[in-house]
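Asks: The chain contents come next:
Number of protein chains: 2
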Amino acid sequence: MNTFTFAQDEPFSLESGATISPVTLTYETYGQLNSDKSNAILICHALTGSAHAAGYHSEEDDKPGWWDECIGPNKAFDTNRFFIICSNVLGGCYGSSGPTEIDPATQQPYGLNFPVVTIGDMVNCQVQLIDHLGIERLLCVAGGSMGGMQVLAWAAHHANRTHAAIPIATTAHHSPMQIAFSEVGRQAIYADPRWQQGDYHTSAEKPDAGLAVARMVGHITYLSEESMDQKFGRRLRGREKYGYEFKTEFEVESYLKYNGSKFTQRFDANSYLYITKAMDYFDLAQPSGSLAASLLPAEHIKYLVISFTSDWLYPSYHSKELVRALHAVGADVSYLDIESSWGHDAFLLEVDTMTSLLQSFMERLVREHSIDISPDNPQKSQDNNAF
Amino acid sequence: MNTFTFAQDEPFSLESGATISPVTLTYETYGQLNSDKSNAILICHALTGSAHAAGYHSEEDDKPGWWDECIGPNKAFDTNRFFIICSNVLGGCYGSSGPTEIDPATQQPYGLNFPVVTIGDMVNCQVQLIDHLGIERLLCVAGGSMGGMQVLAWAAHHANRTHAAIPIATTAHHSPMQIAFSEVGRQAIYADPRWQQGDYHTSAEKPDAGLAVARMVGHITYLSEESMDQKFGRRLRGREKYGYEFKTEFEVESYLKYNGSKFTQRFDANSYLYITKAMDYFDLAQPSGSLAASLLPAEHIKYLVISFTSDWLYPSYHSKELVRALHAVGADVSYLDIESSWGHDAFLLEVDTMTSLLQSFMERLVREHSIDISPDNPQKSQDNNAF
Chain A
1 MNTFTFAQDE PFSLESGATI SPVTLTYETY GQLNSDKSNA ILICHALTGS AHAAGYHSEE
61 DDKPGWWDEC IGPNKAFDTN RFFIICSNVL GGCYGSSGPT EIDPATQQPY GLNFPVVTIG
121 DMVNCQVQLI DHLGIERLLC VAGGSMGGMQ VLAWAAHHAN RTHAAIPIAT TAHHSPMQIA
181 FSEVGRQAIY ADPRWQQGDY HTSAEKPDAG LAVARMVGHI TYLSEESMDQ KFGRRLRGRE
241 KYGYEFKTEF EVESYLKYNG SKFTQRFDAN SYLYITKAMD YFDLAQPSGS LAASLLPAEH
301 IKYLVISFTS DWLYPSYHSK ELVRALHAVG ADVSYLDIES SWGHDAFLLE VDTMTSLLQS
361 FMERLVREHS IDISPDNPQK SQDNNAF
Chain B
1 MNTFTFAQDE PFSLESGATI SPVTLTYETY GQLNSDKSNA ILICHALTGS AHAAGYHSEE
61 DDKPGWWDEC IGPNKAFDTN RFFIICSNVL GGCYGSSGPT EIDPATQQPY GLNFPVVTIG
121 DMVNCQVQLI DHLGIERLLC VAGGSMGGMQ VLAWAAHHAN RTHAAIPIAT TAHHSPMQIA
181 FSEVGRQAIY ADPRWQQGDY HTSAEKPDAG LAVARMVGHI TYLSEESMDQ KFGRRLRGRE
241 KYGYEFKTEF EVESYLKYNG SKFTQRFDAN SYLYITKAMD YFDLAQPSGS LAASLLPAEH
301 IKYLVISFTS DWLYPSYHSK ELVRALHAVG ADVSYLDIES SWGHDAFLLE VDTMTSLLQS
361 FMERLVREHS IDISPDNPQK SQDNNAF
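Protein chains in written order, with our numbering: chain A, 1 to 387; chain B, 1 to 387.
Don't read these hints as lab results, they were simulated from the structure. Note that CB positions come from ideal geometry on N, CA and C, so glycine has one too. Don't take each hint at face value.
As the list claims (entries may be wrong) - Cross-link-like lysine-lysine pairs, in silico, DSBU-like; alpha carbons within 30 Å at most: (1) A/Lys206 <-> B/Lys257; (2) B/Lys63 <-> A/Lys257; (3) B/Lys257 <-> A/Lys241; (4) A/Lys247 <-> B/Lys257; (5) B/Lys63 <-> B/Lys75; (6) A/Lys257 <-> B/Lys247; (7) B/Lys257 <-> B/Lys206; (8) A/Lys247 <-> B/Lys206; (9) B/Lys262 <-> A/Lys247; (10) B/Lys247 <-> B/Lys206; (11) B/Lys37 <-> A/Lys257; (12) A/Lys262 <-> A/Lys241; (13) B/Lys302 <-> B/Lys262; (14) B/Lys241 <-> A/Lys320; (15) A/Lys320 <-> B/Lys231; (16) B/Lys206 <-> A/Lys206; (17) B/Lys320 <-> A/Lys320; (18) B/Lys206 <-> B/Lys241; (19) B/Lys262 <-> A/Lys206; (20) A/Lys262 <-> B/Lys247; (21) B/Lys206 <-> A/Lys262; (22) A/Lys262 <-> B/Lys257; (23) A/Lys231 <-> B/Lys320; (24) A/Lys206 <-> B/Lys247; (25) A/Lys257 <-> B/Lys206.
What the hints assert, rightly or not - Derived CB-CB ranges, DEER-like: (26) B/Ser370 <-> A/Glu245: 27 to 33 Å; (27) A/His327 <-> B/Glu245: 58 to 64 Å; (28) A/Gln286 <-> B/Pro73: 36 to 42 Å; (29) A/Arg324 <-> B/Thr202: 57 to 63 Å; (30) B/Gly289 <-> A/Ile102: 58 to 64 Å; (31) A/Ile102 <-> B/Arg239: 31 to 37 Å; (32) A/His327 <-> B/Ser58: 56 to 62 Å; (33) A/Arg239 <-> B/Ala159: 26 to 32 Å; (34) B/Leu236 <-> A/Asn113: 22 to 28 Å.
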């Protein structure tokens, strides 16, 4: 894990008008940057992700990075050929500036004194990181879910900094149903007295109960009816018949409870508020009101848009609306609505289909932009994580 | 509101094996029972409903009963012709036996000492009520959502007590996704420290915060993406631009918060646990494993099955599965998947389409079963609510 700190002297301005100083981003890189720095791919993570997208940090790790199936040698994002960057978003709780980090003004964790951030702010920080790495133009930006929103913000607002954009299982604007699910998660946190208006950092108990409920709601939206039928059906957990009591009985209940509880060990409740809020604010059509108008500066970018047929959180028609707007500005768009029963989670699970799609798209980018990916052309000085 | 109490001497046995004594049901009736008691229709309510299905209790009421648009003179369930009964379910909190009522053993509210009940138990209580009213056979049983589950339990287990069954926007078994939404609601209640393991009746504060979150989750599932787009879109509430703060900003947030809070004034958190649990246990295919086998005794009943295209909580394919099983046993089934954008709420909103459907189905029942609905044939002694 690397750390990049900026805006020590000149505060970093947010879309709200607030400022932060300094700003820290944690990030990881995989593969080698080539000598003309033309083979860099930025991966953007989803709501609860971190910079740790691939590989293992240590032998004790029971799990690799969150998109390890897609990032590595000969994988969809091939670390033998490309230099992959993933940074934790602004507002997150994995080392980047956010509510759990120390506010220099008070020497206490920010809590709710951290300013509310947007997807645009997250991306503006990533631009600083790319500048810092000396990369003038990314080969592409890719990500699923909230990661896809960042991809679209890159395209619309930093169109000259990337050749291509791969928004996956995402939307150009959070719909009222998506806002509703976010808000229920937030209300579950607010309802927990241990949340204490966000000021729980010095308390022995954190708002874990509320955060767990928020996560359970999330988990439902990540699955499909069909995948729930396959994974759980109406099967009971560790019992043969109904207990007629208020205990965990069905497998699906056990799954939700386990995942809700596990989540509280790795995530911060305030960060959950900040990041869901950023997603809710996301509306690429603003301020003009026209999605096509927002994408006009990005018409020269090559797009690979991917959705999944059973994703009902970010349904395919959201991607189709995006594709129509891209066609309207004459952009070069490949779109695939992948047949999948896995719901929104499909962007983490439909690895084979995505790998062949992504590899051929990358192949085309390499050819059309004459990217030198020969093994004898790594940038010698680049410091990157062992994979 | 009428009250019927039974099982004072002989305890009432539940499907779990537990017993209750006595059992009270509150109920309302509308219209006149005819002299041969052949024009009675039982209406079954959904998760948070009550016996108050139609009309106003007093001039101060700001709202009529929950299905007033469908029950009344010349309405879908025409009180000029039929005798309509609606009773509050066992486990509810509108006067029927449930966790808020007094446990005769302790003279305290039951709380979680109330036994866990099933849809079958609710229906078995309704059978007692119908016996008490001297009705040998209902003309039909009708209901939406959980009301539809009761309708199906009537058909499968009391097939000789009704001529017809109208299950609307429902399912023959709670799916894992439906269980998941129930469980998240329950977890939101459990997570509220004021819940106190269900023992909050003597406390100044009730688990309103948790119950409100449960209701908000429910409300999302009652709407469709399309109806949310129409009702709320991304419109802000009482402001022109984002506030960049953790306050209610979007109209959809305001809707959820308002409805969550309002719900706590009229519903009991423990009742919410009991009734969602009853729904989760509901699986008409058990114990044989075959839905058709369960419906075999009910093959002579006439069915009108209704679903709504945008209902994703009880999607149309659940009704289609039911219709296939009914066809398999040779039952007389009319099925309509009503084109609607209102999601699960459609069963309360698509009044015009439902009225014409229900009226023609009723017309047929009256004709085929030679029901005397002439105005000069009311049962003289019947005590019923003024409508």
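Asks: Holds or violated: the 36 to 42 Å window for the beta-carbon distance between A/Gln286 and B/Pro73?
Replies: violated, 51 Å
Asks: Check the hint pairing B/Lys241 with A/Lys320 against an upper bound of 30 Å on the C-alpha distance.
Replies: This hinted pair holds, its Cα atoms lying about 28 Å apart.
Asks: Would you mind confirming whether the straight-line C-alpha gap from B/Lys302 to B/Lys262 stays at or under 30 Å?
Replies: Judged against 30 Å, a Cα distance of about 39 Å means the pair is violated.
Asks: Does B/Lys206 sit within 30 Å of B/Lys257, going by the straight-line distance between their CA atoms?
Replies: holds, 17 Å
Asks: Given the hinted pair B/Lys206 and B/Lys241, is their Cα-Cα distance within 30 Å?
Replies: violated, 36 Å
Asks: Assess, step by step, whether the Cα of B/Lys37 is no farther than 30 Å from the Cα of A/Lys257, and give holds or violated.
Replies: violated, 50 Å
Asks: Has the given pair, A/Lys262 with B/Lys247, been kept, meaning a C-alpha gap of at most 30 Å?
Replies: Measuring from Cα to Cα gives roughly 28 Å; hence the hint holds.
Asks: Measure nothing beyond the straight line between the CA atoms of A/Lys257 and B/Lys247; if it is 30 Å or shorter, mark the hint as holding.
Replies: OK: A/Lys257 and B/Lys247 at ~28 Å, within 30 Å.
Asks: Going straight from one Cα to the other, do B/Lys257 and A/Lys241 come out at no more than 30 Å?
Replies: violated, 37 Å
Asks: Need the status of pair A/Lys206, B/Lys247: alpha-carbon distance at most 30 Å?
Replies: It holds: about 21 Å lies between the C-alpha atoms, which stays within 30 Å.
Asks: Quick one, are B/Lys63 and A/Lys257 close enough, alpha carbons at most 30 Å?
Replies: Given pair B/Lys63, A/Lys257 is violated - Cα atoms ~38 Å apart, limit 30 Å.
Asks: Check the hint pairing B/Lys262 with A/Lys247 against an upper bound of 30 Å on the C-alpha distance.
Replies: Given pair B/Lys262, A/Lys247 holds - Cα atoms ~28 Å apart, limit 30 Å.
Of the numbered hints listed earlier, those contradicted by the structure are 2, 3, 11, 13, 18, 26, 27, 28.
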